[in-house]
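**Student:** Here is what each chain is made of, one letter per residue.
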Amino acid sequence: MVKYVLKRTLYMILVFLLITFMCFVLIRMLPLPVLPPEDVHTKIVMMRREALGYNKPYLEQFGIFLRNVLTRWDWGLSEKLYYGQDVWSIFVQKLPASMVVNLYSIIWTIPVGIALGIFAALKKNTWVDYAISTLTMVVISVPAFVYAFLIQYLLCYKLQWFPFLMKGGTDWFSWPMFVSMVPAILSLSFGTIAGFARTTRAELTEVLTSEFMLLARTKGLTKTQATVRHALRNCFVVIVPAIFGQFIGILGGSLIIEGIFGIPGVGGLTLNAINGLDYNIFILTTCFYTAIGLAAGLVVDISYGFIDPRIRMGSKK
Amino acid sequence: MKGKKLVALFLASVMSLGLLAGCGPKDPGPTPSQGADATPSPSQTATYEQVKFDGQKYTYKMGVSIVPANWNPHTYQTQDDSVPLDYITDGLFASLYNDELHPVEGMDAYKGYKMVPAMAADFPTDVTAEVKAAHPEFNIPESATSGYAWSVKLRDDLKWDDGTPITAQDFVDSLERVLRGELLNYRAADYYDGSYVVVNADRYSLAGEPVFTTFAKQGITYADFIAGGGTDAEVAVDMNGFWGVTGPDGFRSWGYITDDTMVRDPAVAEGEDEDYVSAKYLWDNYLGPDGGYAGSGYDLEYTGTISYPYEEGYGFENVGLFVSGDNELTFVFRNALEGFYLLSYGMNVPLVKIDLYDACLSEKEGVWTSTYNSNMETSASYGPYKISDFQMDKSMHLVKNDNWYGWNSGIYTYVDPSDGKQYDMYQTTDIDIQCVKEAATSKTMFLAGQLMTYGLQAEDFDQYRNSEFCYATPGQTVFGLILNGYMKVLQERENAADFDKATTDLEMMSVESFTKALAVSVDRDDMCASVSPARSAGFGLIGTRYVYDPETGALYRDTDQAKQALCNFYSVDPADYGGDLDKAVAAITGFDPVAAAGFFNEAFTEGIEKGYITDTDGDGKSDQTVTIQYALSAEASAFMEKTLAYLNESIGNAAKGTPFEGKIKFIFSAVLGNKWSDAIQNGTADTVLAGWSGATMDPFGFADTWTGDRCYWTNWFDAKSVNVTMNIKGEELTMTLRDWAECLQGNMKTVDGKEYNFGYGQADVETRLDILAKCEETVMGAYVTLPMLADGSMALLSQQVYYVVEEFSPVMIRGGIGYMKYNYSDTEWDSYVSSQGGTLQY
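These protein sequence lines are chains A and B, in that order. Going by our numbering, the first residue of the first sequence is number 1, and it counts up by one from there. Going by our numbering, the first residue of the second sequence is number 1, and it counts up by one from there.
Each hint should be verified, as a subset may be incorrect.
What the hints assert, rightly or not - Quick list of in silico lysine-lysine cross-link-like pairs, BS3-like style, CA-CA up to 30 Å:
| # | chain 1 | residue 1 | chain 2 | residue 2 |
| --- | --- | --- | --- | --- |
| 1 | B | K665 | B | K642 |
| 2 | B | K675 | B | K516 |
| 3 | B | K516 | A | K43 |
| 4 | B | K821 | A | K167 |
| 5 | B | K665 | A | K43 |
| 6 | A | K158 | B | K57 |
| 7 | A | K158 | B | K642 |
| 8 | A | K80 | B | K675 |
| 9 | A | K43 | B | K364 |
Quick caveat, the hints were computed from the structure, so don't treat them as lab data.
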């Protein structure tokens, strides 16, 4: 296992560097916004680009970037979106808002989603199953921003239960902050609940009809005992990686939901950086999410072995 | 071979005109005695019942899609970032409505504005003679006696929001910082480029940078230069000025004549001759000794050398701003300035709190950046408000700055026309800026009383456009339907292998009667209502926001000359309206289906005669469908789809019963991206709705835009071939349209041995208006573009507030936050909204 992890880690670093370099070069290859040659500011913009080293060969720029990050943890300054400000500080400052909203969301969506899936599977081919399955399909088919607007319209505007926008400040775990986050949490939740319900139902339905479940029942286990001890554990081979994925998604934020509810998170950072050609912000977010994604893949792969002892990745035996 | 191209892109034209407008002013500027009158005296204010602030909280709640991130006046780059500057900064002089306290002679109250000293203690004093004698480093022209140097005394109660006094030296240091070359501040160019800048600012800011000067200006020839030891490697061509292309490095206009780097000429279709040119090519073929323009004068005008690089280490002490006395500043300008331009543009310094500013500077690998004014801690205010809370990408909150001199100055006060009482400006106690990205969220928040304004979206117009709380704000641009009369290109397109001449025609577009028919086939008002309700019908080429007299705010579109030009073009006789020009203009619709039918019949006859179209079956109808291609830059938006559908329907209706019934069709082009304008210019696409905006205070700049050699809308219109005769003060004068336009910009023109110049300060404003209106009428008469839609927007205003002056003014807008009054305090408003069930009706 140790050898396997080391090998995967090495590959991960190589892939990370490759992706980083590609993104580093690609964003620099994007055409600059067309500035009128007569615009008096054009000359300053160009002089500043020259001073920032953006006209140097890409490899040289990449070398300087790596040196600064590895030796000083210096990701550079924002040039367009947050002029003159340290991009790492900006990212760290904006990350909590995204994380907290997503965290609140998954804390209740995963148990609810799994519970609904179990309930539907246990009540297979009854009206309960049909109702849950139909609702699940509808919810999955509709984009989250539609719920977001509906929730905002109904709960915030018509019923006036919640504020339209997330509260300002950094008291992330205060009650007023939580209340102001509820519409966003709900908007993020529906899709996740539906996803988990559908996956759980599908897996559990299959497992419940397996022969070993019949054997378990004939051995005298109650339906609940057989389901909890045997069926659910088998289902989790599929469900647990999805849960990992959700936790990783905590860090990602949501461009649209954050926009609708005024959440000052990282959701739109990468896209804004591309649009604004803010190289340093783009490369920081790219590196961060690339690293997280690669690490998550590794963790998920390793987790299979713990969930189902029959799975032995990388083993030659 | 292509003719010579004295190229002036639109922006350059407008900008340069704006600059010319500041040169050589003759109009009297404000004097100290006027200043004394301008500031209300106690006796004046005592004549009105004064109403003071009641101590309640009044919060102005704004929703913005992007919360400002950098409001440093030296580095901000976007309109979004500049929002706080409206509240936390101030000027030496301010524009106030011309109410009873600030009267303007001959103008009704609240119809114009008046400049008054704000941070300045009084109006400036002209010290040109003294400065010229004492400071040779400023190179004030020998002949100059006024307008170049002005001293102004500052108020002695100016403070930063933390109570630190603001001194004259702060102004000087602030200008030094913005211009400091090594900082590469984005806004530096605003203070060294153009005509409203202090002298030598460019030399300080650009120290060490090359400066190209033409041979003509240096008084030498290419031969002289070479004979003097110069080499070709030092000679350069002004590629933008001469040919309209940027230099090889993408932004400098000059290219060395030894450089054969090819750059794209957007005026020529790719694949045609001279679609790419280099500096070497222009020299070899046109401007050099063996080129076509050798000896013409153009060779000296568009070639030159680095006459001097900006001197290294040039000292700021040579820049035209210095402390000249106790809390007194002296400005020395590059050009003579007076009046509005002096007070608004010239005496404009981007003040920063120096100790804080310097602390926010950082240098890394030779690049300087600053975090000044990027969060609450690094922010400093000297305006009526200060930032009290800020969260990146989330919100900003401002409260009144108690240390602002304005609260006790007696300047910021007005008489409300609705009740005749005198109020202090800035009733707003707090400004709350929140990030609201989605229009749907803005709308619901507005209806719930949580935002002050809501900009109407397309789906809102039917419901709200007639609301008493709905305000229309005119835009600057008039969108016209550009037409294609480029016969050579139309014929080339028809000769293409895949073109079916039997069923399709393009050449009719070059027939004037056909374009006239198109012009009167569209009901502009109906078109606006159908395709873009926020806009209004556009009849002239110049919009309604352009001010021809900045001293009073008088609008070009309100002048008799401008109105008469419209009447002439649309064949509306004011005599039919009792000589009332306003009524005559109001009667213009631009829509005349009877006339359209006549023009279509006329066009059919001409088209048959010239062989553009056929009528083989003799049914009196064209065999071909005139297919007009609308240039698309991206996938067609809903607006474009509606526009095209409307044009097809409207023109189709007008053509009914004529030889072109069912034979005119507007279609979309392929997606052309950024090349859509090239396609319009070179005639490979036929039409598009497009327009220009320019300097608000300089409508005269449009004449140059319309008539330049590189006319933006098309290459086929040549203003040099159109002769225009005007009666100038009893004298019949004939010049080409281009010459009239150039003359209007201050260029001397000689007619029959007599020199004429109708530039700013060179001719009286009525004459200039006569010329501008005639130019507008002439260009419209060429049917290069058909004015269709005047840009504009509509927004709802919260019932919590109202504008003291509802009428829109290009300079005062509607008075801004200073003149905003409240119907309810915050507490009262909350109660009111609750009493309405949380949802307000507009």
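**Student:** Each hint: holds or not?
**Tutor:** Hint by hint, here is what the structure shows:
| no. | hint | result |
| --- | --- | --- |
| 1 | K665/B / K642/B | holds, 14 Å |
| 2 | K675/B / K516/B | holds, 28 Å |
| 3 | K516/B / K43/A | violated, 44 Å |
| 4 | K821/B / K167/A | holds, 28 Å |
| 5 | K665/B / K43/A | violated, 45 Å |
| 6 | K158/A / K57/B | holds, 27 Å |
| 7 | K158/A / K642/B | violated, 34 Å |
| 8 | K80/A / K675/B | holds, 26 Å |
| 9 | K43/A / K364/B | holds, 21 Å |
The structure fails hints 3, 5 and 7 (numbered hints given earlier, in ascending order).
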